[in-house]
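Take the sequences, apply the hints, and build the full model.
What follows is each chain in one-letter form.
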Amino acid sequence: MRLETIKSLRWADFFLYTITDPRELYRRIKQKDPDPFILSFIIPAVIVLFDILALSLMGKETGFFYYKMSYGWILVFIYAVFKIIVYSSLVDVTAQFFGCRGNIREILTIANFSIFPMVFFLPAFYLFTVINFAPGFFYVFFSILFFIWYVMIFVQGISEMHSIDFGKSFVIFIIPALFIGIVLFLITILLIITGIGFLTA
Amino acid sequence: MERQRKIMVAILALLAVIAVIAVVDIGLKIEKKSKSEIKMSLPEFGPGVGIVRVEGAIEISGPSGAFGLPQGAEAVIARLSELEKDSNIKAIVLRINSPGGTVAATQEIYEKLWKLRKKNIILVASMGDVAASGGYYIASACNYIVANYGTITGSIGVIVYSPNLKRLFDKFGIEMNVIKSGKYKDILATHRDMTTEERSLLQEMIDLSYNKFIKDIALGRNMNQEDIRPIADGRVMNGETALKNKLIDQLGTFEDAILKAKELAALDADAPVYDQNDSPFQELFGSIKNIFLGNIGLGSELFYNPHRIEYRYMQ
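Top line first, the protein sequences correspond to chains A and B. The first sequence begins at 1 in this note's numbering and counts up one residue at a time. The second sequence begins at 1 in this note's numbering and counts up one residue at a time.
No lab work stands behind these hints: they were computed from the structure. Just so you know, not all the hints are guaranteed correct.
Straight-line distance between alpha carbons at most 27 Å, and here's what the computed DSSO-like set of lysine-lysine pairs gives [what the hints assert, rightly or not]:
hint: 1; chain 1: B; residue 1: Lys33; chain 2: A; residue 2: Lys60
hint: 2; chain 1: B; residue 1: Lys6; chain 2: A; residue 2: Lys30
hint: 3; chain 1: B; residue 1: Lys85; chain 2: B; residue 2: Lys119
hint: 4; chain 1: B; residue 1: Lys29; chain 2: A; residue 2: Lys68
hint: 5; chain 1: B; residue 1: Lys185; chain 2: B; residue 2: Lys212
hint: 6; chain 1: B; residue 1: Lys215; chain 2: B; residue 2: Lys118
hint: 7; chain 1: B; residue 1: Lys166; chain 2: B; residue 2: Lys185
hint: 8; chain 1: B; residue 1: Lys212; chain 2: B; residue 2: Lys246
hint: 9; chain 1: A; residue 1: Lys60; chain 2: B; residue 2: Lys29
hint: 10; chain 1: B; residue 1: Lys85; chain 2: B; residue 2: Lys118
hint: 11; chain 1: A; residue 1: Lys68; chain 2: B; residue 2: Lys33
hint: 12; chain 1: A; residue 1: Lys83; chain 2: A; residue 2: Lys168
hint: 13; chain 1: B; residue 1: Lys115; chain 2: B; residue 2: Lys215
hint: 14; chain 1: A; residue 1: Lys83; chain 2: A; residue 2: Lys68
hint: 15; chain 1: B; residue 1: Lys119; chain 2: B; residue 2: Lys215
hint: 16; chain 1: B; residue 1: Lys6; chain 2: A; residue 2: Lys7
hint: 17; chain 1: B; residue 1: Lys246; chain 2: B; residue 2: Lys118
hint: 18; chain 1: A; residue 1: Lys168; chain 2: A; residue 2: Lys32
hint: 19; chain 1: A; residue 1: Lys168; chain 2: A; residue 2: Lys30
hint: 20; chain 1: A; residue 1: Lys32; chain 2: B; residue 2: Lys6
hint: 21; chain 1: B; residue 1: Lys215; chain 2: B; residue 2: Lys246
hint: 22; chain 1: A; residue 1: Lys68; chain 2: B; residue 2: Lys32
hint: 23; chain 1: A; residue 1: Lys60; chain 2: B; residue 2: Lys32
Written out as structure tokens, the structure is:
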């Protein structure tokens, strides 16, 4: 992204439309003015940092906090990007299964921008830790609230991308989640059985 | 549009400021906490006291623990050997909470302790809830014994028992087919009465183990065997009575025992104490294993095999 583009503030449109109009967000992504692909990866990096801060505000911190903020941040960012890539790929495969045109680059960009509202988690949660009013409850409450917001943006993005209705795009979004859930459940069962076998042998 | 963009940038800037404030806030809390903590937790090193814990029935159960680690008497001996090799260990406190156990396992621990005592490593026994029979036997190998007022100790003696279910077998018409190589091979069989010869054979064995018990206590406590025999009739006693009978040296707590060990080993009062610590993984897998094997609380006692000769206080 050139300095001129940064100065023009056109990049701010992506963040603005993520919140105000997710369908318009997709149209802007498609226009590539500027190309938001690299920019979109800043969001998971910031979200991970804010997540670490929010969790740290909950507990009694030690000097280990600085390691969490440095090495921990890098590791969790890599893990977050890995999750986004895997999930976006599965969404793309599911969309193709439903007869839609695949475009992993666009799906990845939508997925990254979808999590943008989670940046508001820290200020919202911080307020309740400062006044010490049920921070644990509000941590869970805001997590659910912002997750729903994320889903709404992602599903609308898919809907706009493939020109399909909201219901069908929600199915495309949810199938990978069910698939991952079933796979993890089976892995857990296998691990428990293996663990019991090992311990009781 | 330009205005909206500027508002968005302002929001992003505000978020960045909030993140910085949060970092500073957490940093200040950490600094405040570290200032309020006077004592720094540094790793302990240098000459000190090692702790060995003897919990539950004493028996040789082999390397059946989590990760194939030794359990029972073998674990206690392994811990003692570990401390023996450590040049920092000048004294050992044996924390006993046991009603005793099998003769061989108890004697193995006793012999190991005696070996350490001969190497001039100070041994102090600290008795918990129960340190009776075999539990007392191993304590007697120590230079000094500390017990609580309410510790159950004593029960000096040997026992073997088996139920006689002959009448029950007769009632249900059950007969056992026994093919044996010698007349004593099914000694302690539950389906018939015990013969006089069998009884005298077992009694002889019990008497020999009992005499060994008395001899070892007398050696460890530096007493005459004849002074011990009058109270070595299987009676249990609390710490106070045990002190009167000279079976222990002092009434006190685990902490008192550690202080005494430091004093006897000419160590400073703040000398380090090296307790035995299982790794969290060992504890976790040990607990899970016990749950799956049904060894929870009294569970193991339900499957207790009584056909053993034991230095044990029958609770």
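Going through the hints against the structure:
no. : hint                  : verdict
1   : B:Lys33 <-> A:Lys60   : holds (9 Å)
2   : B:Lys6 <-> A:Lys30    : holds (23 Å)
3   : B:Lys85 <-> B:Lys119  : holds (12 Å)
4   : B:Lys29 <-> A:Lys68   : holds (16 Å)
5   : B:Lys185 <-> B:Lys212 : holds (25 Å)
6   : B:Lys215 <-> B:Lys118 : holds (17 Å)
7   : B:Lys166 <-> B:Lys185 : holds (18 Å)
8   : B:Lys212 <-> B:Lys246 : holds (19 Å)
9   : A:Lys60 <-> B:Lys29   : holds (8 Å)
10  : B:Lys85 <-> B:Lys118  : holds (15 Å)
11  : A:Lys68 <-> B:Lys33   : holds (18 Å)
12  : A:Lys83 <-> A:Lys168  : holds (23 Å)
13  : B:Lys115 <-> B:Lys215 : holds (16 Å)
14  : A:Lys83 <-> A:Lys68   : holds (20 Å)
15  : B:Lys119 <-> B:Lys215 : holds (21 Å)
16  : B:Lys6 <-> A:Lys7     : holds (11 Å)
17  : B:Lys246 <-> B:Lys118 : holds (22 Å)
18  : A:Lys168 <-> A:Lys32  : holds (26 Å)
19  : A:Lys168 <-> A:Lys30  : holds (21 Å)
20  : A:Lys32 <-> B:Lys6    : holds (20 Å)
21  : B:Lys215 <-> B:Lys246 : holds (15 Å)
22  : A:Lys68 <-> B:Lys32   : holds (19 Å)
23  : A:Lys60 <-> B:Lys32   : holds (11 Å)
Violated hints are absent here; each numbered hint is respected by the structure.
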